[in-house]
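There are 2 protein chains.
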Amino acid sequence: MSEANNLTWHEGRVSRQQRATLLGHDAACLWFTGLSGSGKSTLSRAVEEELVIRGVHSYALDGDNVRMGLNGDLGFSAADRTENIRRVGELARLFVDSGAVVLTAFISPYRADRARVRELIGDGFVEVFVNPGLAVCESRDPKGLYRSARAGEIPEFTGVSAPYEEPEAADLVIDTGAHSLDESVALVVAWLVQRGVIPA
Amino acid sequence: MSEANNLTWHEGRVSRQQRATLLGHDAACLWFTGLSGSGKSTLSRAVEEELVIRGVHSYALDGDNVRMGLNGDLGFSAADRTENIRRVGELARLFVDSGAVVLTAFISPYRADRARVRELIGDGFVEVFVNPGLAVCESRDPKGLYRSARAGEIPEFTGVSAPYEEPEAADLVIDTGAHSLDESVALVVAWLVQRGVIPA
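Chains A and B, in that order, give the protein sequences.
Per the working numbering, the very first residue in the first sequence carries number 117; after that it's consecutive.
Per the working numbering, the very first residue in the second sequence carries number 117; after that it's consecutive.
Hints are supplied without guarantee of correctness; some may be wrong.
Far from chain A, by Cβ distances over 12 angstroms, these chain B residues were calculated [unchecked claim]:
#1 G249
#2 D287
#3 D291
#4 H295
#5 V309
So the derived list for chain B, only partly shown, Cβ under 7 angstroms to chain A, looks like this [claimed, not checked]:
#6 H173
#7 R203
#8 E206
In case anyone wonders, no lab produced these hints; they're calculated from the structure.
Because the structure is a prediction, the values reported are computed rather than measured.
Built from N, CA and C at the ideal position, the CB exists for glycine as well.
Using the sequences plus the hints, can you model the full thing?
Here is the structure:
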């Protein structure tokens, strides 16, 4: 017997429905996935801003801020990438439970990892594939990462020397090569309104 | 060079002040600390409910729900307890950054761990020592844990066979032996109003 054997899930006393009624919108997790340079983080931050202005309680998590804090102990091996996504999934679940629209921007290259998060979060999970194509991502290369990866200076770089498993049935696909940032934000917001997650 | 070398903190484009203005209240982390059976989790859930009813975006995290999810890989050794509190601190920081009043209920027995969280979260961190005294906690013993610990069936049980380092300068001390749950909730809410965290 240990303290660990005695854990029971405390249902929050405030139900998800009560929270939605009080907040005036539903909770959701918009899971942005795509290659480095695809625009995931930029798009998720822009959608976050638009939602906050509309009075929707929303919050964007991305590889950079979560990697430096909660997941500061993890690297980029396959096992650590999987643990990174597991923790982000749990984190997103808590934000959804709090009534928020949470936006996550992580490469999350493995299909199995994303499927686990979808199962964990359940209703409200929205997979957004940010996909301008590898050539566009590589031409943007804001931090020179693709150049370094092609030069062999970065081992296991997704899309170059490590796999990216594309979503087979994303809820939403955004080609940030064909659409401007404003257009891309409008596409995501329109989807949320159409599905009744947020009011028009 | 690796992907890890290229992490930079993305400031959210929505400032804390903008969020506070839109939400109508400030963000905070109420960190409830105390022995098993002190009433931390019950009190934090009751405060959460009262805040949600008042239109304050709030969310309660506790040992049980976080331990089963995000921290499901951790045990109860001193090192794992420290890692547990580190992750909860990072989690709470993200909720504070989102504009919420987050309430955490963890034994968090080590002074150094709590000090690290205070430093991490900075402005808005509120240490709430839930302290009815060991005798009251032990007499409640809702899960029979103290009895098992006294019988030597639980190694490293806080307050019996593992240390609890009491706060030396808690922002708020609640004696849940002397006060009812409703009174205890009122004390916490009054403190938040007095400090201007939430409107009256």
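Hint-by-hint comparison with the structure:
no. : hint : in the structure
1   : G249 : holds, 20 angstroms
2   : D287 : holds, 23 angstroms
3   : D291 : holds, 23 angstroms
4   : H295 : holds, 19 angstroms
5   : V309 : holds, 19 angstroms
6   : H173 : holds, 6 angstroms
7   : R203 : holds, 6 angstroms
8   : E206 : holds, 4 angstroms
Checked against the numbered hints given earlier, the structure satisfies every one of them.
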